[in-house]
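A.B. asks: Take a look at the letters that make up each chain.
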Amino acid sequence: MNDMRIVERDVDTQAIKFDCENVQVYYGDNHAIKDVNVRIESNTVTAFIGPSGCGKSTFLRCLNRMNDTIDICRVEGKLSLDGENIYDRKVDPVQLRAKVGMVFQKPNPFPKSIYDNIAYGPRIHGLVDSKADLDMVVERSLRRGAIWDEVKDRLHAPGTGLSGGQQQRLCIARAVATEPEVLLMDEPCSALDPIATAQVEELIEELRTNFSVIIVTHSMQQAARVSQRTAFFHLGELVEFGKTGDIFTNPKDPRTESYITGRIG
Amino acid sequence: MTDVTAAPASPARKTTSLYEVSARTRRRNAAEKRFRFYGLSAVLLGLMALIVLLSSILSQGMPAFRQTYVVMDVELRADKLDKNGNRDPADMAKLTTFAVAPLIKQATQTVATELGSDIEGLTDKMVGAMISKEAPGQLLRFVRANPELIGTTQSFEFLANGRIDGYFKGRVTHESAEMDNNISVQQLDLADAMVAEGMMETRFNWAFLTAPDASDQRPEAAGLGVAILGSLYMMMVVLCLALPIGVASSIYLEEFAPQNWLTDIIEVNISNLAAVPSIVFGILGLAIFINFAHLPQSAPIVGGLVLTLMTLPTIIISTRAALKSVPPSIADAALGLGASKMQTVFHHILPLAMPGILTGAIIGLAQALGETAPLLLIGMVAFVREYPAAPPEGLFDPATALPVQVYNWTQRSDPAFFERASGAIIVLLVFLVLMNTLAIILRRRFERRW
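Each protein sequence line maps, in turn, to chains A and B.
Going by this note's numbering, the first residue of the first sequence is number 1, and it counts up by one from there.
Going by this note's numbering, the first residue of the second sequence is number 1001, and it counts up by one from there.
Next comes chain A alone, as it looks inside the complex (with noise of 0.2 Å):
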């Protein structure tokens, strides 16, 4: 716990991206989130933290309705992005999730060539008319998810063939290549090595001044090291959210200190 390097860096801006009131899920019978209110702001990292099946995952994927593809689940309460109700009858997840991407736990490229894994968003979204615009919009992807110079003589080799934090960076930047809002990631760096970690970590930091970036995250060091932002979650409840500093050196809920100090978890 010696690494415990808080960023203290002050929030840009104060705009409201996701705002969250109630909400409450259900996986059939079993009220896995229980009246979670909180509000995400923009250009931040907010880290999700608490121990394993607290629903911090289950929270996270309701931000872009993935919850949706599990027939059992249900979401109650109001969850809005830029003030729009994302549940409301007239929004097509399909649209959101274009908004709000998402990086998953383990690493998950297409079996398809590099450049494939990228482009899959924008062909798909239609943010391209040609094919030197898609190569653009590739390259700018990869850079910005600090891959371009590893992969940039390879580009139409297969995605999969790569180590697995070259993986890892490759579904960043095909998440970012749909120039999504906020970008969502449910343990990024839970399959990487430390040195791929940092890499990761240190491209949140540089994706925070073009996103709200939302990380739930196991390792409370990585937590201190990325976010401006953190909630604590435990049993379905958010127990406590706040600046990463002021949850790290003085956390007002009791649960949270005995968390963060190793007692439970």
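The hints are simulated quantities; they were obtained by calculation from the structure and are not laboratory data.
Among the hints, a few may not be true.
Said to hold, decoys possible - Taking lysine-lysine and the PhoX-like style, the derived pairs with C-alpha atoms no more than 25 Å apart in a straight line are:
#1 A:K131 x A:K99
#2 A:K112 x A:K152
#3 A:K112 x B:K1324
#4 A:K112 x B:K1341
#5 B:K1083 x B:K1105
#6 A:K78 x A:K34
#7 A:K99 x B:K1341
#8 A:K106 x B:K1341
#9 B:K1080 x B:K1125
#10 B:K1080 x B:K1094
#11 A:K90 x B:K1341
#12 A:K106 x B:K1324
#13 A:K112 x A:K99
#14 A:K112 x A:K131
#15 B:K1094 x B:K1133
#16 A:K78 x A:K99
#17 A:K78 x A:K243
#18 A:K106 x A:K152
Put chain B on the given structure of chain A with help from the hints.
C.D. replies: The following block gives chain B in isolation, referenced to the frame of chain A:
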């Protein structure tokens, strides 16, 4: 976390040497050895059965691919073939085999006087019987096609009678001929003499693969042409119907259908249908396609439809298994990028499931190719001499199928048909092996790693 209770004191441990194998270990090793032996003997037993099967079929069926031909000159006498002397095709069309039979008889008599003079007891009738009953028909077709050659002498290659053919393949011997009413020792002697003269030879029998079936008296003329064509047409129908319907329904059931009691019932029923005996599908086809829809009997379209019904469960089950085997992380990735459900399925899941789908489809098709029982019920067991026309009209013409032809030939009395049935089995097996090879090649080709 730290209050680990002290474990009860373990009984004093005997010190043992690693060099000494304990009784328990010995028992376990023996059990493993026994299990390996059982497994190996099961495999060997299976292999032996396969070898016996293949060798018996090959030894009995290979002769069907060779055929004995008689080469002889026949004078196309104008007084028999063209009484009016005007070479009118309309008159030629009226000719019957009775008109040409004397010509062949004359030709065989010539052969008999040339070669058979020193064979005791050889009669003209015996010599005539050495040539297939197919010969007059063959001659007639030639005359109709070439009326201008009437009056000349032409060299013809006739099929030898089934027994003579059998003599050169070892099925008939001098000993067996003595007890056989259909063949005599004198005929065999003459056949030997004709071979020496180059008038009779045994060579590869293309007609076996191209000719239509023949009647009971002419096993030497029987071929698989109509059966192969009928099987091919049926496979076309099955491929065109079962693959799209099967794949579409599996995609719907696997990716789109809600999980409720209705889909559960459908699922259970599909699994049950796969286990329904094929003859039941034949009865269904008879009731629906022939009695209700009034489609023609013996037609490849009906056979194809019945086999489609039979193959669908196989294709659906294998396709669903293939779709299920695609890692969900791929679908998550596509959905997370904002792909719609359909884009996810068609851009990512389906291509990855393709090797499995193709393998399942080809195995289903191979199963359909070898299926006999349902075809018997819809009248494909008929004796068909005419080739079906080209598709699509040909799908409604009578035809037969490879396995049905095998069944048909084994029902006949002449041993030459038994040989042909084994030959037909070889052809069927070759097709099945080819299809399975194709399945393996496709699987290798489309296989990708993730």
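A.B. asks: Now tell me if each hint is right for this structure.
C.D. replies: Results of checking the hints against the structure:
1. A:K131 x A:K99: Given that 25 Å is the threshold and the Cα spacing comes to 23 Å, the pair holds.
2. A:K112 x A:K152: 16 Å, holds
3. A:K112 x B:K1324: 20 Å, holds
4. A:K112 x B:K1341: Holds. K112 (chain A) to K1341 (chain B) sits at ~19 Å (cutoff 25 Å).
5. B:K1083 x B:K1105: 19 Å, holds
6. A:K78 x A:K34: Measuring from Cα to Cα gives roughly 13 Å; hence the hint holds.
7. A:K99 x B:K1341: Between K99 (chain A) and K1341 (chain B) the Cα gap is close to 17 Å, so the pair holds against 25 Å.
8. A:K106 x B:K1341: It holds: about 21 Å lies between the C-alpha atoms, which stays within 25 Å.
9. B:K1080 x B:K1125: The hint holds at about 20 Å.
10. B:K1080 x B:K1094: The hint holds at about 12 Å.
11. A:K90 x B:K1341: 17 Å, holds
12. A:K106 x B:K1324: 19 Å, holds
13. A:K112 x A:K99: Roughly 24 Å between the alpha carbons, so the hint for K112 (chain A) and K99 (chain A) holds.
14. A:K112 x A:K131: Roughly 18 Å separates the two Cα atoms, so the pair holds.
15. B:K1094 x B:K1133: Roughly 20 Å separates the two Cα atoms, so the pair holds.
16. A:K78 x A:K99: 18 Å, holds
17. A:K78 x A:K243: 23 Å, holds
18. A:K106 x A:K152: Holds. K106 (chain A) to K152 (chain A) sits at ~23 Å (cutoff 25 Å).
Checked against the numbered hints listed earlier, the structure breaks none of them; every hint is satisfied.
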